[in-house]
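Protein chains in written order, with full-length UniProt numbering: chain A, 1 to 202; chain B, 1 to 202; chain C, 1 to 202; chain D, 1 to 202; chain E, 1 to 202; chain F, 1 to 202; chain G, 1 to 202; chain H, 1 to 202; chain I, 1 to 202; chain J, 1 to 202.
Just so you know, these hints were derived from the structure itself, not from any lab. Since the model is a prediction, treat every value here as computed from it, not as a measurement. Note that beta-carbon positions come from the ideal geometry of N, C-alpha and C, so glycine has one too. Among the hints, erroneous ones may be present.
To be verified - As a list, the in silico DSS-like pairs of lysine-lysine whose alpha-carbon atoms are at most 27 Å apart:
| id | chain 1 | residue 1 | chain 2 | residue 2 |
| --- | --- | --- | --- | --- |
| 1 | H | K106 | G | K70 |
| 2 | F | K176 | F | K162 |
| 3 | E | K162 | F | K80 |
As the list claims (entries may be wrong) - Okay, the calculated bits of chain D under chain B, using three or more residues with CB under 8 Å as the criterion:
| id | segment |
| --- | --- |
| 4 | 100-106 |
| 5 | 145-157 |
Residues per chain, in single letters:
Number of protein chains: 10
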Amino acid sequence: MSAASTFALSSRIASRAVVPVTSSLLRPTFTASRRFHPSKMASNPIATLDTSLIPRLPASSPTLFEAKKKKNLSFETIAKEVGRDEVAIAAMFYGQARASPEDIKKLSQVLDIPAELLESQLGGFPDRGRTIDMPPKEPLIYRLYEIVQNYGYAYKAVLNEKFGDGIMSAISFSTKVEKETDDKGEWAVITLRGKWLPYSRF
Amino acid sequence: MSAASTFALSSRIASRAVVPVTSSLLRPTFTASRRFHPSKMASNPIATLDTSLIPRLPASSPTLFEAKKKKNLSFETIAKEVGRDEVAIAAMFYGQARASPEDIKKLSQVLDIPAELLESQLGGFPDRGRTIDMPPKEPLIYRLYEIVQNYGYAYKAVLNEKFGDGIMSAISFSTKVEKETDDKGEWAVITLRGKWLPYSRF
Amino acid sequence: MSAASTFALSSRIASRAVVPVTSSLLRPTFTASRRFHPSKMASNPIATLDTSLIPRLPASSPTLFEAKKKKNLSFETIAKEVGRDEVAIAAMFYGQARASPEDIKKLSQVLDIPAELLESQLGGFPDRGRTIDMPPKEPLIYRLYEIVQNYGYAYKAVLNEKFGDGIMSAISFSTKVEKETDDKGEWAVITLRGKWLPYSRF
Amino acid sequence: MSAASTFALSSRIASRAVVPVTSSLLRPTFTASRRFHPSKMASNPIATLDTSLIPRLPASSPTLFEAKKKKNLSFETIAKEVGRDEVAIAAMFYGQARASPEDIKKLSQVLDIPAELLESQLGGFPDRGRTIDMPPKEPLIYRLYEIVQNYGYAYKAVLNEKFGDGIMSAISFSTKVEKETDDKGEWAVITLRGKWLPYSRF
Amino acid sequence: MSAASTFALSSRIASRAVVPVTSSLLRPTFTASRRFHPSKMASNPIATLDTSLIPRLPASSPTLFEAKKKKNLSFETIAKEVGRDEVAIAAMFYGQARASPEDIKKLSQVLDIPAELLESQLGGFPDRGRTIDMPPKEPLIYRLYEIVQNYGYAYKAVLNEKFGDGIMSAISFSTKVEKETDDKGEWAVITLRGKWLPYSRF
Amino acid sequence: MSAASTFALSSRIASRAVVPVTSSLLRPTFTASRRFHPSKMASNPIATLDTSLIPRLPASSPTLFEAKKKKNLSFETIAKEVGRDEVAIAAMFYGQARASPEDIKKLSQVLDIPAELLESQLGGFPDRGRTIDMPPKEPLIYRLYEIVQNYGYAYKAVLNEKFGDGIMSAISFSTKVEKETDDKGEWAVITLRGKWLPYSRF
Amino acid sequence: MSAASTFALSSRIASRAVVPVTSSLLRPTFTASRRFHPSKMASNPIATLDTSLIPRLPASSPTLFEAKKKKNLSFETIAKEVGRDEVAIAAMFYGQARASPEDIKKLSQVLDIPAELLESQLGGFPDRGRTIDMPPKEPLIYRLYEIVQNYGYAYKAVLNEKFGDGIMSAISFSTKVEKETDDKGEWAVITLRGKWLPYSRF
Amino acid sequence: MSAASTFALSSRIASRAVVPVTSSLLRPTFTASRRFHPSKMASNPIATLDTSLIPRLPASSPTLFEAKKKKNLSFETIAKEVGRDEVAIAAMFYGQARASPEDIKKLSQVLDIPAELLESQLGGFPDRGRTIDMPPKEPLIYRLYEIVQNYGYAYKAVLNEKFGDGIMSAISFSTKVEKETDDKGEWAVITLRGKWLPYSRF
Amino acid sequence: MSAASTFALSSRIASRAVVPVTSSLLRPTFTASRRFHPSKMASNPIATLDTSLIPRLPASSPTLFEAKKKKNLSFETIAKEVGRDEVAIAAMFYGQARASPEDIKKLSQVLDIPAELLESQLGGFPDRGRTIDMPPKEPLIYRLYEIVQNYGYAYKAVLNEKFGDGIMSAISFSTKVEKETDDKGEWAVITLRGKWLPYSRF
Amino acid sequence: MSAASTFALSSRIASRAVVPVTSSLLRPTFTASRRFHPSKMASNPIATLDTSLIPRLPASSPTLFEAKKKKNLSFETIAKEVGRDEVAIAAMFYGQARASPEDIKKLSQVLDIPAELLESQLGGFPDRGRTIDMPPKEPLIYRLYEIVQNYGYAYKAVLNEKFGDGIMSAISFSTKVEKETDDKGEWAVITLRGKWLPYSRF
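Bound conformation, chain A alone (with noise of 0.2 Å):
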């Protein structure tokens, strides 16, 4: 067994996976040819899966991690491919997000996985919400976070002068993320969009 494989091993017990060993043909492949791909490295390195994460995400969401960091493909390179937003590729990456017929055959074809496979573990209906226990410890999404407590009875009021009575809808909803640059530095832009629901009468 060499060096290189020994670690893989130890690593590999921090996710509490197991993976029995009986051919000496997989390990190799796995480390060697999957992995890196220095080559097509981009200025900022791609987003992948703590492993830590994946008890708490469906089968699907490793499969797609894997793949991706195999390829180096960024959320918005793939997003392209797909022709979706890359915050909704990106959630469906983690469960969060449900991938049509077509998204399905797309990812299968931009990240190498067999479309069977991806069917069977993305053609479910998403399971939401469970990846982050709240308040979120992670510093960029507890900002987030922070937006809505400080702000929540704000936009409140101003909602509901501007439209009345209800919700703004988290589920008729869309959103991105944009870069802007300025003399101060740069910026980041959420922008949040959902269709505007009145309490009905009764």
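With chain A's structure known, arrange chains B, C, D, E, F, G, H, I and J on it following the hints.
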């Protein structure tokens, strides 16, 4: 004691606040002349303050909301007069944003509140975040929370790929609310714009 | 001071509310003439407001409940007069549903509450959801919670198969309560009817 | 080892479950012949089981869901065969309802599961309620929870006035889901029907 | 102002309740004649109400407890007069059980409380369960909680085997407390008796 | 590999447990001869162990429950053989009560479990209370919890008046479950009997 | 109004308590003669009551603490006079221990509190445990909590080996605090002594 | 009653505190002469007290903050006068640090508060930690919490390697806040210095 | 495979641990020779490790407890051999106390564990506190927690009066457990001795 | 199988990780040559990883900690080699800080870990904050948490006065740990340095 003031009395009990009445001048004035100006009614009613929230708010909040109600002004109108965004103004009303001396002066004029009272109540540094218990129970605010819960990791992944390792600031930050209408109905659009802060290397 | 008002005083302490008494006219009137009309007693007593809930409710709630108690009216009767469902009316009493200007006018008439007082207290946008601590401790409400806890995933699975990926709206929503009787006894039937909202594709 | 089974392997890691492979016959069979029957595809896809839920479910749940997926059957179809309501069947799949010996026999036939296996896994008394963390994070289930949170006291008040002091049973209870369509779109209708239990006098 | 009333004042502060005193008649009467009847002391002192619990209780609770204290009556004595179990009476005092019109009449007589006051405060439907924060911090109540925590599954298993799939009702339910003495000391015996409710088949 | 063992395999995945199979002898034996003895079926089925509870239980629990299932014995039967109360036996199965050496010997005989295995697994001191998350989600156990929540203060008041300042012990304690039947149906009667412990004076 | 009483007024606001002032005699007396006796200052100042704790305490607590402060007595001194341990006396002040009639008589004498007031406030059964939110935030109390958190299982293992299966009673229990001094500094020694209660066999 | 005092009245309601006004002298004095000294305005405004925090603070806090506001003094200025660090002084204002008799004397002089009032309110032992609910919702304080959350284990590992097994004391501890400015902007520097306490060997 | 090892297998499943068996030599040896030495049975059985606790403990805990069980040694015996207090030794077994190199050497000898294994597992710095969920559910440990909950403020008040403003260290700290017997039965005595740390003045 | 590896096996069970052994070469090598280098022991032992933390950490953490242990390197030494602060390095080991490509290269050299393995495990964006449950139970980390809890508002007040309305960034942030020694003993000094971010005006 008139019927009207009897009810005013009973309802006031609800806010745990006590106004010992020693003069018959106070109440009628308060009730009759300060509260109802139906002639200036906007298309949607304006946002007012739920009295059961008062114990969680700074002293400035009931002062501001009472004056707003008395003058029947929307946040949009106030914001235009003060020269700030309406979400910022609403946040100020809920004790979630700082008012500059100029803001205070203009608010005082727009809302007919004695300047020195407002300065005294609104001149400090906000103690943010204590108004809402999280998870938020208000359906409108919960929808925003749900967006963070469902799309949190997707936002992180996309932002990391676009900007590197860091966060979108919620401090060096602005936000706005817009209304769009199309053939499917009305849409609320919330924009979040924050400075990108990369993690320091040390 | 009479024995009756002594007790009224001591019990009022419980609600943390203070009514400074400067006139001997108020209390007797309040106690003697406003509260007890046993002649109009319904078959079941009407629902009244637990005073310890008041701090969690808007100012309109004690106003409405006191008037309801004084006139000994059931929600069914009030609902018929106002032309809305009795659950909607009860929700309005607890600050969980918005009253339209017409609702306010009719409630004012049915309950003998000065219209402008009611307009002032009930004219805003409800700040929903803060009345109950979840999980609910009240056995009746807990049973509803338990139904969600036990059948939640079953509802989701069946709804997904019937409608696709989406939710049943709790906003574009109505509900009613009915009573059925058969040889096994009495049955409560609660109907929940919400618009199906499919997730947007973006 | 084929590419397909490599992915099957990697994705299986996600469920923390380990399938020690001693025979090369198992996997291809499992993957190829048991999973995909697109020809029987319903108009909406059928509900399947998110693998990350498995640790919270009894042994019967993955058995039932795998067979359901293999045969591509909706809960409606299964329910008709078994002669029970589809919500009851779905609850049974999630370990929230008891299966009678006849139910087990019919499920075994409909789903092609060995009767004695199903009897062994499904013959006990359900240990209900542990599948969902409350408040529910799944948006569909949260909406039901929100209905309890917002209308809980209204239901209590109306039920008390209609029935007296007691509760609507969640045990001596049935429920169903229906779909209605009108010119505004599709509506989900959930009916809750429980025996009224008056508090004993002692 | 006498020394005694100075202390009465200071201690009253603790209950967050305010009794604005405009008449010198009220207080002396209240303090001197209503509270202390040491001559009627039972072998064990009677249970009284911790003032810091009052904000969590309905208005009837301090009324009832004050009268009970004034007359120095045990729950056993009151229960005999009213014709109900002493646990039911105590639950009524804490707002956890409904009083029928006859109960109110008898309580009014036994406790010397004006009937109409009691009717007004005690005539509604109890809003149960909010008095105690769970887990209970009171050692006596915690022991009962601990019994549920430790023996909960054992009770379930034994009940399921004796009765099938269902629950023991806590509504169609009675309970009593008895005292037994043997050579090892005194024993408290609590009996819980509830109707068995089988799950409906649907 | 037979169809039966395929399913056995899939269901075992649910319990996160892995049984590395090196011998084809184990499984058939395990499945065929140990599990199903429908001929000895009691009128109600016996209680078995939900596999998803196993991680919260000591090693003795699955050992005992498997043997109980194999022999199809009720807790009542086992209790008679061992000479203890059935609740105590059930508590022992859930790791909530200590087994004496004699208990272990008898359990070993009744359940056909090797004595030294049982001694090794069951001979320690129980680590009580970790099986249930409180509040309990199981409806049957929740009803017991609700009794504590609703009647806790009533029990305390009555016990204090009967016994003085102290607690009913949950350690020097016994309990039993009985079934009563009358014309209204079946009733479950749970008796709690604990030593009264007065607070020490120091 | 003098400067001193202005401040007294402002600070009193903090305790949410209201003292309606109708006589100019009360305040000066209260402030000037009851509070400050610097001549009797102990080496360490005595413990007093944080006013923000008052809502969580029974009425007796501010009565006792005010008198203690007025007379500048340590718990040690009071304990000697009453003939009990100082921890028991302090617990009594915080509503955590029962005072016997003799205790009340002696406390009344030592603290110059009218006996009947004290009897009325202190004569009931303590409602223990609600003063502290757990985990305790006070650093001194947290250290004790941390000892339980860190050494809990070690205590259990050692106690089980020494005594068998049971618990150390916290009811049939006494405790004391001692001070030791050596060359390394001062040491606090807390002794906990509780009756060993073996689990009953049933 | 003037317009100014009307607003003062309404805003005061927010703090749940009630000042019964029997003299027209109090209010104008309070409002006009005590509050506003804009001429002494620092470059940044001084920190004041959010009134909604008052119920969580000892009586000394509003006394101190009102005087600080009246005299428009920064913590830095006060600290210099008292001869302590400004963080220690601010902690004292929030009831988190003990004031020595000398501190009290100096604070009394600097802030023009009657010495005996301050001694009475500030002379006890602080009951620390109850002001903030954790996790902190205030963004500034949350950032400090986040540092502990993110770097907690890193600090532990580095401290263990540098010092061995023990802790950095938070009691035998001092801290300070400094401002640094460079070409990138302003930097806040917080220093924590605590005695290293090795675990005792026993 | 023998009956004994079948059960060993089934019970091992409970601990989520997997022992891949490649040699038929391991198991019999493990079961037969390492576990049962009934001849050395103490008067009370020794404390062993509940397998369901293992995931919350460091690797050293099962190593130590298995060896302790194999040799049937009490903590008292081990403590005497190692020259430390038995509570310290038990804490070490639960990963709550650091072992010095000498401790490790002696433990290795007493328990027949290879020195280098123990050094590797026990040589690090303990990561304390994660074993118990608070509030503790184990009745024995809960009683200690309850003592802190009930007497926490009393200890603080008495300690403050004896020592001034500070804490009793839980680090510079030792503890012991003793058994006392008198005519009333057996008493457990726990002594906590910690250095007094005064707050620093800064 | 040797005695040493038997124990290694048993202890490994604790970490829920499974290493299926098919080759007798792996284990001896792993145990004997990789783990113990007592000759290079530092004055304080180095920090290692508690195995029960592994499920909460990314795959890189056990890889890094194992190599660190094998080579017996302190964070200080590693930090010097890598050219970063030791807290940053420790944070990286716990998955709380990002490693640049150069960091990875150097870590690979210093720790003898194959570069591509480290790149694969450490090249992503950290998912911060999930390692610690808050409040932290580890006494060392709790002390830092307590500092935030006790001094949080003091820091805010002082920072606001020094800088205005804003926060100290925890992202544009660095920190270090230093050791000071004086005649009173050893002192740990932690410095937090963050960019001041003023709230945007919008």
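Do the hints match the structure? See the list:
1. H:K106 - G:K70: holds, 24 Å
2. F:K176 - F:K162: holds, 23 Å
3. E:K162 - F:K80: Answer holds: K162 of chain E to K80 of chain F is near 15 Å, not above 27 Å.
4. 100-106: Violated, because only 0 residues of the segment 100-106 of chain D bring their Cβ atoms closer than 8 Å to Cβ atoms of chain B.
5. 145-157: holds (count 3)
Of the numbered hints stated above, the single one contradicted by the structure is hint 4.
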